[in-house]
Amino acid sequence: MYKYLLKRFLLMLPTLFGVALVTFMLIRVIPGDVVELRYSGDRGAVSQEILDKERARIGLDQPVWKQFLTWILGVVRFDFGTSMWTGAPIWEEIKLRFALSFQLAIMATAVAVLLAVPLGVLAALKQDTWVDYGVRVFSIAGLAMPSFWLGIVLILVMLVVFKWLPPMVYTPFWQSPVQNMAQLIWPALAVGYRYSAIATRMTRSAMLEVLREDYIRTARAKGLMQKLILSRHALKNAMLPVVTVIALEFAFLIGGLVVTEQVFNLNGIGLLFVQAVAHRDYTLLQALIMLVAGSFIVVNFMMDVAYAWLDPRIRYR
Amino acid sequence: MALNPPIDHAVDIEVPAKPPGWGAAVREFCRARPLGAVGAGIIVLMVVVALVAPLIARYDPVANDFGSMLAAPSQAHWLGTDAFGRDVLARLIYGSRTALLVGFGASLFGSTLGAVLGVASAYFGGRVDLYLQRVMDVFLSFPLIILALALVAILGNSIPNLVLAIMIPMVPRSALVIRSSALAIREMPYVDAARAAGFGHGRIILRHMLPNVMASYLIMLTAFLGQAILLESSLSFLGLGVQEPIPAWGLMLRGAAVEFAETAPWMAVFPGLAISLSVFAFNLFGDSLRDALDPRLRTQ
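These protein sequence lines map, in sequence, to chains A and B. For what it's worth, my numbering labels the leading residue of the first sequence as 1, then goes sequentially. For what it's worth, my numbering labels the leading residue of the second sequence as 1, then goes sequentially.
There may be inaccurate statements among the hints.
[Claimed, not checked] Chain B stretches covered by chain A per the calculated footprint, using a threshold of three residues with CB under 8 Å from any CB of chain A:
1) 128-139
2) 150-163
3) 254-262
[Unchecked claim] The calculated lysine to any residue pairs, modelled on SDA-like cross-linking and capped at a C-alpha distance of 25 Å, are:
4) Lys53/A - Gly81/A
5) Lys163/A - Leu35/B
6) Lys222/A - His233/A
7) Lys95/A - Ser295/A
8) Lys66/A - Arg28/A
9) Lys163/A - Val153/A
10) Lys126/A - Val113/A
11) Lys7/A - Asp129/B
12) Lys163/A - Ala83/B
13) Lys66/A - Thr82/A
14) Lys163/A - Glu262/B
15) Lys126/A - Ala37/B
16) Lys66/A - Asp129/B
17) Lys126/A - Arg203/B
18) Lys126/A - Gly126/B
19) Lys126/A - Glu262/B
20) Lys7/A - Leu132/B
21) Lys7/A - Asn64/B
22) Lys7/A - Pro265/B
23) Lys3/A - Asp129/B
24) Lys227/A - Trp130/A
25) Lys3/A - Phe24/A
26) Lys7/A - Thr244/A
27) Lys7/A - Gly126/B
28) Lys236/A - Gly223/A
29) Lys7/A - Arg127/B
30) Lys222/A - Leu122/A
31) Lys7/A - Leu130/B
32) Lys95/A - Gln175/A
33) Lys7/A - Phe17/A
34) Lys126/A - Leu293/B
35) Lys7/A - His233/A
36) Lys126/A - Leu35/B
37) Lys7/A - Phe139/B
38) Lys163/A - Leu176/B
Don't read these hints as lab results, they were simulated from the structure. If you're wondering where the values come from, they're calculated on a predicted model, not measured in any experiment. Idealized CB from N, CA, C, for every residue including glycine.
All chains should be built: construct the whole structure from the sequences, respecting the hints.
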């Protein structure tokens, strides 16, 4: 088992390095840079000399390989440098918005799990009936609706039906939990519904597989109550792939937030990302992409470890 | 050849020659998978609408009409008008062209390139496979939209560039799936036979292996179609995709649609419905196709 885990761990390193390299190169190829954009308001009025000086100040005059080396050496020490646009340290920029996005991500995940597990189990138990079809249509619809549109419609419905608009200014949870929830529950619903679709399908197919296992038949033959069979024998074993899907999706949740935060006017990581693209803020973009891709890779690895730990068939391979 | 024989005859003669036949397969699919048939129906409808757009749209989708800005749905404008007085229905109809063009373009190129890479990776095995898989791993670590966003920023946002930006993130996802089905195909005797007959690598990959991973390929393709349409609308919504005045559903949801959502909800509601309905149809069809084609699911 240790050999397997070690191999998985070592395979993770080149992937992380590759991600860093691709991120770095991809961003440098985007036309225009931060200096050009900052002075684009008075184009022509600014001499080439000033532009060059500014580039030199933030290190953009160095050869690309040197810039990469400086950056990657910082990254391995978790130092992402300073934002090219605001000049503030990257950690500061991210920290400001992280609480909001992280809370949103957790709430969206909670919504997804609360929807997915009961629906998936129900669909598996009533396979090929109208209940199953209904759940399937519901979850495919979740995948089909853009979460930003769902957000617009949610706001609209509340406005028209309840004559009430969710607060548009962010209040930290510990200041006013009610105010905070009143604002964040809607984007969480919009993102969570979409997110639940994948988990629902996974729950359904995992349950279907487990329900065919011999130990379920044994449990039934023992005369165990259906409720106990489901909760203690079936669900427990079916949850492994579901948890994997949820964990992996969690790392990618920022993708969903990029558009949703725009609709709900939330100043989170997603909005920061779009702004960073617009400003050609190389250092900030690199840090954000590394954060997302890196957490995906690490979660992936942790899932493999969890699997090996939980499933003896993998452990002794 | 003015007097072609009626098509029916041709079919009557053809059918016994190749046992199941397309017609029978379609009928069987509709009977066994009603939800999939509904999806296919919506898709066909969409394609027809996109093809005959100039015939059914009663307004020019890009013509401003400041006399009737933000008009509510009425006899003249069935789904109302937007902030420039443009007919929402006409823009939806023409928008289906953009959605289908980008959707089909990106998913077709993306899954095909992925399939070729996946099969090649499985066929050559060894180092080629190992290195190719590591490269794929790297690209799989980026969320679809983040990679597409970066690519669009690099390439610029004309429609061909948009297709490219949406296609590239799909390649590793398709390669991953196709590779795993190709690994089984590689062990088949006919691949050995082809190799023994002295065929080149290219011919074995393209002529002998690729056709046998068709089921996985079609499953990937239909799954990507919906995703590509959704991705295009997300990018356009962010202002990084299709640009004004080209009619595109995601773009219609941007700016004024949100600002005037309270007074002119038709601007926000209908384009979103169009996106949802089309992605829903592709997913429904793709899901049923997967059930029908995946041999693992079929035997159960």
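**Asked** Lys95/A and Gln175/A: Cα distance at most 25 Å?
**Response** Roughly 18 Å between the alpha carbons, so the hint for Lys95/A and Gln175/A holds.
**Asked** If you draw a straight line from the CA of Lys3/A to the CA of Phe24/A, is it 25 Å or shorter?
**Response** violated, 32 Å
**Request:** With a cut-off of 25 Å on the C-alpha distance, tell me whether Lys3/A and Asp129/B pass.
**Result:** Distance of about 21 Å is within 25 Å: holds.
**Asked** Is it true that the CA of Lys227/A sits at most 25 Å from the CA of Trp130/A?
**Response** Status holds; Cα separation ~22 Å.
**Asked** Regarding the pair Lys66/A and Arg28/A, is the alpha-carbon distance no greater than 25 Å?
**Response** holds, 13 Å
**Message:** Need the status of pair Lys163/A, Glu262/B: alpha-carbon distance at most 25 Å?
**Reply:** holds, 11 Å
**Restraint status (C-alpha distance of Lys163/A to Leu176/B at most 25 Å)** = The given pair, whose Cα atoms are some 49 Å apart, is violated under the 25 Å limit.
**Message:** Just to be careful, I want the Cα atoms of Lys222/A and His233/A compared with a cutoff of 25 Å; is the pair within it?
**Reply:** holds, 13 Å
**Asked** Is it true that the CA of Lys7/A sits at most 25 Å from the CA of Arg127/B?
**Response** At roughly 16 Å apart (the allowed maximum being 25 Å), Arg127/B and Lys7/A satisfy the hint.
**Hint consistency between Lys7/A and Phe17/A [alpha-carbon to alpha-carbon, up to 25 Å]** = holds, 16 Å
**Asked** Does the alpha-carbon distance linking Lys95/A and Ser295/A stay inside the 25 Å limit?
**Response** Within the cut-off at roughly 16 Å; holds.
**Asked** Within 25 Å, alpha carbon to alpha carbon, are Lys7/A and Asp129/B?
**Response** holds, 17 Å
In the structure shown, a violation is registered for the earlier hints numbered 5, 16, 17, 18, 19, 21, 22, 25, 35 and 38, in ascending order.
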